[in-house]
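Chemist: Single-letter residue listing:
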Amino acid sequence: MAHKILLLLVGIYIHGMAWSQVVISGRMTDQKNKPLAGASILLKDTYDGTTTDSSGYYSFSTYETGAHILVASLSGYNTFSKGIQIGKEPIKLDISVKELITELKAVVITAGAFEASDQKKTTVLTSLDIVTTAGANADVVGALKTLPGTQQVGESEGLFVRGGTATESKIYIDGTLVNNFFFSSLPGIATRGRFNPFLFRGTIFSSGGYSALYGQALSSALILESKDLPDRTEADLSLSALGIGGGIQKLGKDKKSAWGFSYNYTNLALAFALIKQRQDFFTTPEYHQGDANFRFRTKSGGFIKYYGYASWNRTGFRFADLDSLGVKNAFGIENLNTYQNINWRENLGRRWKSYLAFSFSTNKDDINNDLQDGDNKSLSGNLPSWLSGKQYAVVTKSRYAQGRWVLEKRFSGLNSLRIGADHFYSREQTRFTAFTGQQFTEVFQDNLSALFAETDFYITNQMAVRLGSRLEYSQLMKRWNIAPRASLAYKFPDNGQASFAYGLFYQNPESRYLPTVNPDLGFARAAHYILQYQKISNQRTFRAELFYKDYDRLFKTATGQNGRQLVAGNNGYGYAKGLEIFWRDKKTIKNLDYWVSYSYLDTRRDFLNYPGSIRPPFASSHTASLVLKKFVLPWKTGFNASYTYASGRPYYDLAFDGSQNGFVIRDQGRTIDFNSLSFSLNYLPNLGKQNKKTFLVWVLSVNNVLGQNQVFGYNYSFNGSRKEPILPPSRRFVFIGCFFSFGVDRTQDAINNNL
Amino acid sequence: MKKLLTVLSICIATISAAQPGDRFTQAMKRNMAAFDTAFARTESLVNLSNSFERIAMAEKTQWLPYYYAAFCQVNYAFMEQDKSKTDAIADKADQLIRVADSLMPNQSEISCIRSMIASARLMVNPMQRYMQYGQESEQHLRNAMAQDSSNPRPYYLKGQALKYTPEQFGGGCKAAKEFLQTAMDKYAGFVPASELHPAWGKPQVERLMKECQ
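Chains as they are written, first to last, in the numbering used here: chain A, 1 to 755; chain B, 1001 to 1213.
It is worth saying that the hints were derived from the structure and are not from the lab.
We treat Cβ as the ideally placed atom computed from N, Cα and C, and that holds for glycine.
Watch out, some of these pointers could steer you wrong.
Claimed, not checked - Here are some of the chain A residues that sit facing chain B, going by a computed Cβ distance under 10 Å:
id : residue
1  : 48
2  : 53
3  : 75
4  : 76
5  : 182
6  : 495
7  : 539
8  : 724
9  : 727
Sequences and hints are given; from them, build the entire structure.
Modeler: Next comes the structure, spelled out in structure tokens:
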């Protein structure tokens, strides 16, 4: 009996369970009715549920009854939840969810910009690429010159982008403008950038259509972001044929703060003794550079960074004067430069962020040009006017300050808004001492204020829009300008993406063409139109860009009282258009990473003293680069090579013609094509030696290995009867050095940077 | 008869009352038994992860179902061939392990998963990502070793990482063996705190040791 009852009870229990089991099923799709696989379906607060199959279908059974909540979730999509009443009947419930806009899936606004970063997904280069590009000599701008859009101008420093001059490209560190990014100009010799590429963790090189957060550059913006905290405490020492240097980076125990300093001394005496220079150096180039920093995380997750830099350098060399045989110019320069930047970013809550930055910099150039005879003695007595003008001294003292505040609000999805203000103060004082001993002092001062706003709006993961505008006021010109910017990006299902960018860009005249006699002077203006296609996948990057740039209101100059060219008006104009291709591939050939870039440029302009619309001397029609990088593990050596080609550039002899009261082209031509093969290798002998506390890198680099002829243009004598090519200071340049890091085993870095 | 019925009903009542806990153990064991088959296909790993997550969300205070859900996800991240999808999977694993961590802080086993998540992210682009994720992975392993010196899994993971690092960079079998041997020794003496606690890894170490013979 008891057994029977037990059986019965168990039977009822089991039957009851079976009887109350209800099947819940349906299909889950996105808003476009595309099935979603792998989504989790569950009854809240129970174990019951399942996972959708590859067609989006789901089905599970439950013993639960009554009111329950069904939840469906899949990462990248909105979570679905709905109250259901479980009775006796099977339940059928189809689910539709919306895709979330996420950084991982969304299109990225990239028109015009090349980004070098170690973390973001759309980057084309990494920070290390910049220092291991052959021919760049660890100079940020040197590496950028292997990317499309840049010109191979060898006679002066700076970035010449898409038919623009070097002064149309501005460089920013942590949001603030750097006025003397390069060492002071030397006649016919390009100088290097001052800043160590290892300072930066991110680089955005925009060859056009850049953000409304930046201004005063008609062509291009190079936006550098300094590192936050170093990865670890370390000391570095470098020894090379060019000088010595060392530094310390100390990371706090709590990894929330760091400080450091470094010092470098460069002296080219040894290098110049071994590699003959075209110029006759009477003062060997010598540089002292020091920097210091502190950085710390604030309590609320913000960050404060200070970076300070000071350098002193001098150079002096003689070069033959074109106007009279046997006469030499002895050019000497001494430069003192300081740069300080402090910036503070802070979370304000409610997804607001604040970025506050101040920078202050000074620059002093003490330039002397002396005319000397064959025995290097100063010429004396009465010199003809076209010679005496070359005997002078100039002392330029500049001070620049900038304050900047940007507020950023992030909305749902990736939508964001940035608003901010900028104020630049600049003062340049030039004291010119003529041959006669007569002194002229000129002071140029400007206060430039700007307000800007920019918004990123993601319509779907496939489509995004960036709209911005910048309002500027220049005290110098007593004028306002308003510069709208817009970009649109669309992503295809195969991950390729197309972008379009448009923008207006304004710029003040260069101070060397000031003061102006024209009280109505306005800003120079450029409009950019850029169309881009980019596809990054699987270790390969393809990018093509078409652009059109319309220059308007460019500055025209007239000859001032002491023979200087001074801004007279805004009646200059011009255009630039072209096509650029970039291809990088790390996959096809094992362990070989290469990139190819090609730029076609068609540009003409009338500005400064040009007699009309001409192709400017800094513009090649065709420019191409091939960069190769290969690390050979067993040899612990990285090999880097780069080949650069640029078609010949036009050159002109512009001479003043009194009858036309303007400049005319007295002679013109085209230089030979530019070719350069550069090579570098990095040897890491301690690689893989476990627990080795010193890490050593040997670097050997050779520029223009083949010694190909390079002509950057021609200088003409005053009367036009003689012309002389502008050539690089030496046919080849060789660098050899070694870099030590102490206190850490950097093997892991090397592995992963080179695998 | 009445007595029997009373005893029976008390029994049933007791069983019913005990069921939630028992149900948890049963469900967990059933899922854990599926590990061997689940690893064959990413779909079944996702199923299993979702199943652990359902238990986790119903229980709310148990760290182990979150731990195993994250464990499934991180293995899924390693198995996914399309590297553009890895980060999203790693995000999911990270989300799950963070909940486990909040329920049971300073767990050596949890640090192991976090190290694996960092390694999965690293694999997307080792060149670009080492500075961040390589060190993060390493740091979590060091934490795991410090949190429980008897846990063999951090030694297994370290040995595995070294085995797949080229010899020129201080990796290779020779360097790996030292850690794999330590892991083997520790597996020999390792007793999981309960039948639901993590006990995986030994066969993999044996396989790696064999490959290094």
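Chemist: Confirm or reject each hint.
Modeler: Results of checking the hints against the structure:
Look at residue 48 of chain A: its Cβ gets to within about 7 Å of chain B, closer than 10 Å, so that hint holds up. With its C-beta approaching chain B no nearer than about 8 Å, residue 53 of chain A sits inside the 10 Å limit, and its interface hint holds. Look at residue 75 of chain A: its Cβ gets to within about 5 Å of chain B, closer than 10 Å, so that hint holds up. At about 6 Å, the closest approach between the beta carbon of residue 76 of chain A and any beta carbon in chain B falls short of 10 Å, and the interface hint on this residue holds.
The restraint placing residue 182 of chain A at the interface with chain B is violated, with a minimum CB-CB distance near 29 Å, outside the 10 Å limit. The interface hint given for residue 495 of chain A holds, since its Cβ lies 7 Å from the closest Cβ of chain B, which is under the 10 Å cut-off. Here the hint on residue 539 of chain A is kept, as its CB sits about 8 Å from the closest CB of chain B, short of 10 Å. Interface restraint check for residue 724 of chain A: the shortest CB-CB distance to chain B comes to about 47 Å, outside 10 Å, so the restraint is violated.
At a threshold of 10 Å, the smallest CB-CB gap from residue 727 of chain A to chain B is about 39 Å, leaving the interface hint violated.
The structure fails to meet hints 5, 8, 9 from the earlier list, while all remaining hints are met.
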